[in-house]
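*Asks:* Take a look at the letters that make up each chain.
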Amino acid sequence: MGNTLEAKTKGAGPQLAAGKYLSFFLSKEEYGIEILRVREIIGMVDVTPLPRTPDFIKGVINLRGKIIPVMDLRLKFGMPPAEYTNETCIVVVDVAREGEPPVQVGCIVDTVSEVLTVESEQFEPAPRCAHAAGEYIAGLGKLKDRVLILLEIDKVIGALAPSLAGAAA
Amino acid sequence: MPLSEGIDRLHRAAERLRHGGRTTAATLVAELAALRQFAESDACDDLARLCRVGAEAVQQICADEATFQQHGEAAVQHLERVEQYARALVLSRAQGGDGADLVPPPLLTVPDPEDEKHFLETVGVFVGHALGTLSELEDDILLVESAPDQNEAVGAIRRVVHTLKAEFGVLNMTVAQKLCHQAETAIDASTDSGRAFPVDVMLEIADWLRQYLDRLTKDAHGEPPVATSLLEKLRLLIHTGAAPTPAPGAPPAAPAELVELQVGGEFADSLAEFITESRSHLTEAEGAMIAFEADHSDAEQINLTFRAFHTIKGVAGFLNLKAIVELAHVSETLLDEARSHRLEFRQQDVDLILAAGDLISQMIAALEGQPAPKKAQFETLVKRLQAAAQRVHVENGAEEVLEAAPSHQEKIAQKRASPAKVKDDDDSDGNGDGKVLKPAPRASSNAGGAGGAPVDEHKAAKVERTVKVSTTRLDMLVDMVGELVIAQSMVLQDPAIQRIDNQGLARNIGQVGKITRDLQEAAMSLRMVTLKATFQKMARLVRDVASKSGKKVALAIQGEDTELDRNVVEQISDPLVHMIRNAVDHGIEGPDDRRMAGKDSEGRLFLRAYHQGGSIVIEIADDGRGINKARVVAKAIEKGLLPAETRSEDLSDQEAFGIIFLPGFSTAEKVTDLSGRGVGMDVVRRNIEALRGKIEIDSKLGEGTTFRMRLPLTLAIIDGMVVRVGRERYVVPTLSIEQSFRPATADVHHLVDRGECVRVRGNVLPVYRLKDIFAQGDGFDDLEQGILIVVEIDGERSCLFVDEILGQQQVVIKSLGMQGEKLCGVSGGAIMSDGRIALILDVGSLVEAAVAVQ
Chain E
1 MGNTLEAKTK
11 GAGPQLAAGK
21 YLSFFLSKEE
31 YGIEILRVRE
41 IIGMVDVTPL
51 PRTPDFIKGV
61 INLRGKIIPV
71 MDLRLKFGMP
81 PAEYTNETCI
91 VVVDVAREGE
101 PPVQVGCIVD
111 TVSEVLTVES
121 EQFEPAPRCA
131 HAAGEYIAGL
141 GKLKDRVLIL
151 LEIDKVIGAL
161 APSLAGAAA
Chain C
1001 MPLSEGIDRL
1011 HRAAERLRHG
1021 GRTTAATLVA
1031 ELAALRQFAE
1041 SDACDDLARL
1051 CRVGAEAVQQ
1061 ICADEATFQQ
1071 HGEAAVQHLE
1081 RVEQYARALV
1091 LSRAQGGDGA
1101 DLVPPPLLTV
1111 PDPEDEKHFL
1121 ETVGVFVGHA
1131 LGTLSELEDD
1141 ILLVESAPDQ
1151 NEAVGAIRRV
1161 VHTLKAEFGV
1171 LNMTVAQKLC
1181 HQAETAIDAS
1191 TDSGRAFPVD
1201 VMLEIADWLR
1211 QYLDRLTKDA
1221 HGEPPVATSL
1231 LEKLRLLIHT
1241 GAAPTPAPGA
1251 PPAAPAELVE
1261 LQVGGEFADS
1271 LAEFITESRS
1281 HLTEAEGAMI
1291 AFEADHSDAE
1301 QINLTFRAFH
1311 TIKGVAGFLN
1321 LKAIVELAHV
1331 SETLLDEARS
1341 HRLEFRQQDV
1351 DLILAAGDLI
1361 SQMIAALEGQ
1371 PAPKKAQFET
1381 LVKRLQAAAQ
1391 RVHVENGAEE
1401 VLEAAPSHQE
1411 KIAQKRASPA
1421 KVKDDDDSDG
1431 NGDGKVLKPA
1441 PRASSNAGGA
1451 GGAPVDEHKA
1461 AKVERTVKVS
1471 TTRLDMLVDM
1481 VGELVIAQSM
1491 VLQDPAIQRI
1501 DNQGLARNIG
1511 QVGKITRDLQ
1521 EAAMSLRMVT
1531 LKATFQKMAR
1541 LVRDVASKSG
1551 KKVALAIQGE
1561 DTELDRNVVE
1571 QISDPLVHMI
1581 RNAVDHGIEG
1591 PDDRRMAGKD
1601 SEGRLFLRAY
1611 HQGGSIVIEI
1621 ADDGRGINKA
1631 RVVAKAIEKG
1641 LLPAETRSED
1651 LSDQEAFGII
1661 FLPGFSTAEK
1671 VTDLSGRGVG
1681 MDVVRRNIEA
1691 LRGKIEIDSK
1701 LGEGTTFRMR
1711 LPLTLAIIDG
1721 MVVRVGRERY
1731 VVPTLSIEQS
1741 FRPATADVHH
1751 LVDRGECVRV
1761 RGNVLPVYRL
1771 KDIFAQGDGF
1781 DDLEQGILIV
1791 VEIDGERSCL
1801 FVDEILGQQQ
1811 VVIKSLGMQG
1821 EKLCGVSGGA
1831 IMSDGRIALI
1841 LDVGSLVEAA
1851 VAVQ
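Chains as they are written, first to last, in this note's numbering: chain E, 1 to 169; chain C, 1001 to 1854.
Bound-form chain C, shown alone (with noise of 0.2 angstroms):
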């Protein structure tokens, strides 16, 4: 066993490494090659890399003193690492597995602080990608367990998996992609074998993915979670399910299987050359297929895609490329028989014509390094194309297939992707990867092999063309706007400006205000995104609390592509969680007892979002049980929210509903005795009214609760009310304040120690004045002079007298730059037309301290 021979001894140069420093290294090196020989004859690629990547990292490292220093220790763990993981394959080998369900460390890689920095980027870059497919993936699983019928949303699911486990490779993650490539084969056994999808297993996989990378936002360098009991399962399930091309329980022979690409003949120099030529050629064929499609009498482009298969032939001839000019040559054919009218050229052949470019495509990239595709499915391809030429059916349900492909402009936006991904790893070993990457997803799962480029391409080929940008410098972007917008109005209100009588040069500050608005609104749309990621992980969500709970409910999502500023979609979820476990949990009866109260034993759920009135509203309604409004009331009087002797029938509905959210009232214990609607719905106000937005309820008994959210589009603008006290200016937000009045001498009652109040439309409201808040020198001291302003907080209603209303604008809201310490009454900063500020009132926290301050 020379293998085992082998580790034995790099385990000794290991030690000697250890204890004798760096000056051993070259027998270290040597033991490493010799492995890797070994390796290499018992097709053990993995092995065989982790051996060549170290020699090179070990020489680095003992290169000079210092680097050794540093790192040396770091070399002989990983040798260690790579020691144990030799072992098992070779105690695995031995038994008669092949080892694919080994982990084989991370490769060494000698930290350059360039390197590092470049590093920590592509992890940021790549978890904030990878977190957004996550969502879509855990959307597809849901569809696919929906209705498992869902050959599209399969191909999606294993190409996100797919994807995921390249880019993981690429971060050098191993565990990861392990877990990922279990998790593809996983999909492909149970599609080639018919069983059902492994829907749990995959919701699984998905949590793990994201609390790694979850980990990875925190530390780039994170350790993964446990994978071991979840590479478990996906083990028997590819084992049990016997996947039709190994033979059972056999190794699946992953160098066999691909299509063998050696260069050859005299003209292997001009390799290079090759490539970037039928690149171009392929790109035109493809180009030209698309345009045929439109145009089905142009028979020009045709004989385009004729000559670029055609030249793609013959140099690959020379190259000595058979796969390539077998390929070429099929496709040919059928142009052949199309162009010279022996055939109609049908959208299958358009399709297959397709398939065909990216399978060659494909396979140049694999010259370059990168996994070759699977033979199986090269066959496939050359069968189809041999028997569309002579007008055959092929029996496996080609054509079915075909129409889950994916369309031709996502084809496109997969080529456009994927030469970003090709690896600097130029792996001379050929298919060095081959056995962990599998190339391409299979014919019975996704359209003829098109997906050759794993990354980006379901993303690409979905969402129109984005660019990811750093929010930072997106703030930054806001934030000059900003200053634009008011440097144009200083300009503008400026004096000396106005006193200009000129035609033209007002005309052009028009132009400028005008543009200057744009702008500001363009800038403000950058920092709006959708709730389609937000809703996806509620629907997963109730997926859960309703297995757990022992309930039917279905989710109804409508307006996931409304649009709201980033921060207030970050922080809405907290509370909509809340809301929808509670809804499933508490609101929607169980199947009994929704069919003794004669409704369909599956509960339905709904989840809206729409604009209304320059705001946008979030509901949750459901058709449960219904909040029962006297238990609500009996509950806080046991509480002591209300007098002992208030009765239901004195509360409108909304007043007693409005208790739910009343601090005291749920957090003392759960109150899933009552119509649901406990935990901590008054954290979930507080969340709300801290974006500004609003909440209310409606509730039927028996016949189910919505919950309304009311927020405002974007944490950055406010509406809001100018007012004036003494020379200092504030801005009340319009969402607080109800109406505004001058009072009457008659209407003003003070009261003995209890400060003043009014009296407005029968109601008498307590006056707080905001000069005496603040403590202000200046403004005016008599009512009757100034303006009184109703504002509601927690449905309490209070005035604020200020000395004038100087007009409703809106506001960009500016931090004050106070860090630390919040102040109170004031939520922030306003840099009004004049270059002056304006402080934004915080209501709440203002009539907080005015019954302080009296």
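Bound-form chain E, shown alone (with noise of 0.2 angstroms):
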């Protein structure tokens, strides 16, 4: 906890705190969250769908009783779908709210590999070229082997829930 709160920023770019990411795959791409936004991670379940919705919000599902709205990263981030199958997750994200009990929202993720320490000197800011998830993505973690894409999770799940975008960021 106290290296997360030697928050690093590199240019503007939004805070970037050393510390363990939960890392996903969509398609071929590693990407990276804070764990500590990760409530919990369970595997796909059924999903009801709602009406007249964007289409990367898959539905809503029945979290242990409770409600949380899901959404398929894949096309938030204008991916072509991919089907689903046993190595697909969701990913439950804590949204603080001032005053308020946290809400979840899900996120449906190709795959869950690992739990990775990034070090502050290890940050990149985000390159600007043309990604699919560019403008939610917050910044890279260079490790010895490979990139990963850390997102900005606020933002992506802004869509969701767009009144708590800015108070939670």
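Here chain E is said to cover these stretches of chain C; the calculated rule only asks that three of the stretch's residues, wherever they fall, bring their Cβ under 8 angstroms from a Cβ of chain E:
| hint | stretch |
| --- | --- |
| 1 | 1479 to 1491 |
| 2 | 1769 to 1776 |
| 3 | 1808 to 1817 |
| 4 | 1831 to 1843 |
Some chain E residues well away from chain C (every beta-carbon gap over 12 angstroms; in silico):
| hint | residue |
| --- | --- |
| 5 | Glu29 |
| 6 | Pro81 |
| 7 | Asn86 |
| 8 | Gln122 |
Distance ranges between label pairs, derived from CB positions:
| hint | chain 1 | residue 1 | chain 2 | residue 2 | range |
| --- | --- | --- | --- | --- | --- |
| 9 | E | Leu36 | C | Arg1797 | 50 to 56 angstroms |
| 10 | C | Glu1521 | E | Val45 | 29 to 35 angstroms |
| 11 | C | Arg1499 | E | Leu36 | 42 to 48 angstroms |
| 12 | E | Ala96 | C | Met1528 | 27 to 33 angstroms |
| 13 | E | Leu36 | C | Gly1021 | 39 to 45 angstroms |
| 14 | C | Arg1499 | E | Pro81 | 35 to 41 angstroms |
| 15 | C | Thr1734 | E | Asp55 | 29 to 35 angstroms |
| 16 | E | Ala96 | C | Glu1293 | 55 to 61 angstroms |
Just so you know, these hints were derived from the structure itself, not from any lab. A virtual CB, placed ideally from N, CA and C, is assigned to each residue, including glycine.
Grab the two chains, each in its own frame, and use the hints to assemble them into the complex.
*Replies:* Following this line, the structure appears as structure tokens:
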């Protein structure tokens, strides 16, 4: 926890905190979100579609008696949809709200990989290239053998919870 | 004038602190101590207290540089305020006043995060509670106004004000404390001098308090509203009233009035033991008296009481507590007469003994730094006890007063509440607060001093015992019970379980099911609150609106104990205010018109609540002029809401009155010229529909109007029809369903570009297919395969096409967790017994969307 407080910023980009990240795959690319924001990871379950919503919002699920919305990150980032398999996971993310209990949102990812520690010197600002997840990238985590795309999860969820995006960020 | 000299020196010391930093603190503390001495010798208790606490705080703040940096400025500002107050005090004294009208600044405290948290919690609890008491207060004030001889209500008001005063005091909210104190004094002044109870000023005070409490809910450190004019009004009331005890115009010399309690003698060390012991003796005595009351033949109880008082007297004698000895002694005498059968122990005697017990316990509390009881009160009681022992009647109507006494159970409740209030402010100055906190109600307004325990006594006395629980926790419990219900039915329906053929298991599962349902019901009932507070607010509203519009209106309330979901009660208030204001303002005629119409000049308004068929009905009925249908229709045509050729005869009453709720009808201008019922009725209806309720109007021209709101008991559960479309299930609220049927081919018509419609009992209704509205891939296409559900929204009927109806059931409504954005056609979700989610349809927006789709 101590490390995460020493947030290090590069340029004007969003703050990246050194610490543990959960990494997961969408297509061939590996992404990371701060582990502290992850509530739990569950396998794919039955999703009740919500009518008249954007296609990346897959619907709602019953998370132990609580109804939470889930979005498909592939569709959110404009990637082609994929069949859901045994590997497909829902990463349940906490969205903090001021003065109220946090709400959860599920993100469907191809597969969850591992929990990694990213040190502050491994952060790189997001490259200015046309990546599908472009505006949601907070930066890159340069690991020894590969690069992690670190997501700004509040912005990603913002579409589901527009009123929260500001408060939670 | 040493006091003003002390003030000057304090001023210089404070200046030095500001410029010279914390090293000069020692001088300041010394000056504060000096000023305190002056203040004490001049009997300025508040100022002395300010100095004492201030010195402590200054020492704390100046102890290290960091704290000083943080709070130093606040300290200096505080000292400025102390200085101002002290100067004003000196000035007031110089002019012969006592400075009792001045409001001392709040005590200086060093904010500590832990304390702050505690403070916020305390304020939260206090405000929640105080808002409740405030409604009661208003109610009592109105009661007094309607029937001035309400001693009991006056007593209740006084108790509430007193309680609030004490609580404000504990929270260091001096302005409010002062206001309550003055209000209390004013009430006393009015009762003592036999003048009318100051209803208007008291209502203003109630308003002021409400305003302040509202501010406190938003910010626990919120500044109180301006109270100067109110304080001035109270001052006038008190002084023109010339209360009998102090000489007219003279300051109430508080310290002299109080019972003196000086611990002395060689046993002074055992004070703490005495306090505890006496308390338990008093409790015993009280219990015995109440037992005696229930069974007058039980002489042993008198014996018990006698022994208790005797013991107290003995120990108090060791401690040289003369007042307690005296009171215990006279009580003992009375009891002794009774137990030796020299006199018959009667109800009045029981009351007297209980009052004596209360006063003793109050004096004991005074030993712990609580305000001492008033001497006058003490003396009256002693006299009465003596008189009772000799069977002489006391002239000042003691018995009459005693009848207004709270019942003994109440006294016990007060007792219980009292230790909780003991302040840890262990004031060695004895009656340090004596001046501001006048301790006990007077004998004239309340039975012989029962009520030395201010906190919560009123509430504790009336209501069954309650616990305050935060709503978050409550919601969590309700949520969890909801989950349990679902989990239980999932177990029950699990094929593996159903395959087992075992009677014992079946019975146990059945038992679990029953308990679960009971638990759910119990959990739901936790959220229920009565309409009492809301209705009381309306009583106040009626009074205000009526007096403003120069009408006389009598309000009759029925069914205020009806319980509703807390959320519903909260949201029903606004529409109620609207309708009541309309009813009084427009519905009920002025006195002259009423007389001309042959009615009583006083209008009547009924506010009723009752259960009907699983929902709650709230009715607002007046006997006013009623709604003029023809004029409503004319107005609607003028506004373009109805086709110009509409004739009012063609519309049913319901249809015509329904126009009132149309948005365009009333908002454009006030339709007071019409039969009333104008302002924002569309908003009212929208509010009620948001609560999944319905509103209807009954009206007869010249006879009155009745608004009837039908509301669900709770927002957490909905009665719904579960339908299926393709592989999805949906819940349609039963409230909006009229009927369902399988259409015959012959009845279905296709209109070019306007979709399809179906003939139902002579009416042609549009058909909307759920699968099209929701752009769902599966589901039947052929109308004859599925079912049509007739729904009614805003008086317009239409048909929803679904594949099949699965059944009717109550479902727990859950939010979909989508923030900010409202989903079209869906109001929430329900978890079905198989664990999957069914969306709950919002028929109103669904039909709107359907029209848009076509």
